[in-house]
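Asks: Sequence:
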Amino acid sequence: MGKEVRIFAFGGNEVSPVGLTDEKGKPIIPDIAMQWARTHETSKHIAKIVEAFPNDTYVITHGNGPQVGNVFLRSEYSRPILPPIPLDVAGSDTQGAMGYMIAQILGNELRARGIYKTIVGIVTQVVVDKNDPGFQNPTKYIGPSYTKEEAEERMKKDGWVMKLYKKDDKGNEIWRKVVPSPEPLDIVEFEAIVNAIEAGFIPITVGGGGIPVVEVEPDEEGNYSANYGIIFKDGKNAKIYRGVEAVIDKDLASALLGTMLIKWAKEHGEDLDVTLTIFTGEDGAKLNYQKPNQVDLRYLTLEEAKKLYAEGHFPPGSMGPKILACIKFLEGGGKKAYISLTSKYLETLEGKAGTTIVRE
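If you're matching positions, the sequence shown starts at 1 in full-length UniProt numbering and goes up one per residue.
Among the clues, some could well be false.
What the hints assert, rightly or not - Keeping only pairs whose Cα atoms sit at most 27 Å apart, straight-line, the calculated DSS-like set for lysine-lysine is:
#, residue 1, residue 2
1, K148, K24
2, K286, K130
3, K336, K117
4, K266, K291
5, K156, K166
6, K170, K26
7, K344, K266
8, K307, K140
9, K286, K336
10, K140, K166
11, K140, K156
12, K291, K166
13, K148, K26
14, K344, K306
15, K291, K352
Said to hold, decoys possible - Pairwise CB distance ranges (calculated):
#, residue 1, residue 2, range
16, N237, G200, 33 to 41 Å
17, K167, E267, 48 to 56 Å
18, K291, N237, 50 to 58 Å
19, G25, S318, 17 to 25 Å
20, R79, E267, 43 to 51 Å
21, Y299, D219, 49 to 57 Å
22, D271, E191, 19 to 27 Å
23, N223, E51, 37 to 45 Å
24, E173, N195, 47 to 55 Å
25, E173, G200, 49 to 57 Å
26, N237, I115, 39 to 47 Å
27, Q104, R79, 27 to 35 Å
28, E51, K148, 51 to 59 Å
29, M34, E270, 40 to 48 Å
In case anyone wonders, no lab produced these hints; they're calculated from the structure.
It should be emphasised that the depicted structure is a prediction, and the values quoted were computed from it without experimental measurement.
Positions of the beta carbon are idealized from the N, C-alpha and C atoms, including for glycine.
Please build the complete structure, drawing on both the sequences and the hints.
Replies: Set out below in structure tokens:
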């Protein structure tokens, strides 16, 4: 492996433009051309980083929220003629499509600069605990919006768990499907990721946090029941998995990947320097976000980050999971974690932008 392993966790803004509206203020769903263009902009910044640190190793992870939402929207419109798409399959669909998009555009950008690296997308399963508390109280909103009446029909007909999302400007209730967001525990394809890194490739992995799967326990006869009635017999303590309806936070999955790489290196007699960078739409973490007394947090120790997180300074729907992922990564052996804009990564390394969190 290279001198340093740099894990880059792309936010949704790195692949698909966000916050677009038409002349009437109506949200615009980015089409494929817009997503390609945005990915190209991101790839230019990543290529500059690779140029600056040519001997390092790179791993890319990414979110997939908007893309999965589009898959579900298509699935809803095609209900009369096609069966609905389960969440784990939707996740795998987007991993493949986004892996292709990132690999092609970043690969082209690197080759245009005379840098020849193979970039490979790895469809990745991430193991969660079937008894995770998140399964008892689903909180992650996914997919399109529904009226209260439509939501009641989905809950009755399809067994969905749905919750009130918000009310529109006319007071009408907007409901959406909610699914669990369990903690990631293991990565099924971890060996493939390591092999790709050792071959000098840039793997794209744990897309969208990974496809959530649980380990299946055998019955008294040693048979394993997976999805859709598929039975595996006499597994001899085999690891058998099945997909579940859930969404894993991609930053937490990226942190897990980093700690697993560090552990793997130690087991093989290596002292691997791994950093985690979470790219987001903000120039690092802030205190008192969007208030008159907003403060940029350029440098934090692990203990300072834990204290601020425990005090509730970071919203759970935005910066909170990113800070938590950095904490878990550093506690798992990482030395430095960054929260940055892709355009300001090199400045972040100098302490002039973004947020740097160190284990001290």
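Asks: Which numbered conditions among the earlier hints are violated in the structure presented, ordered from lowest to highest?
Replies: 2, 4, 7, 23
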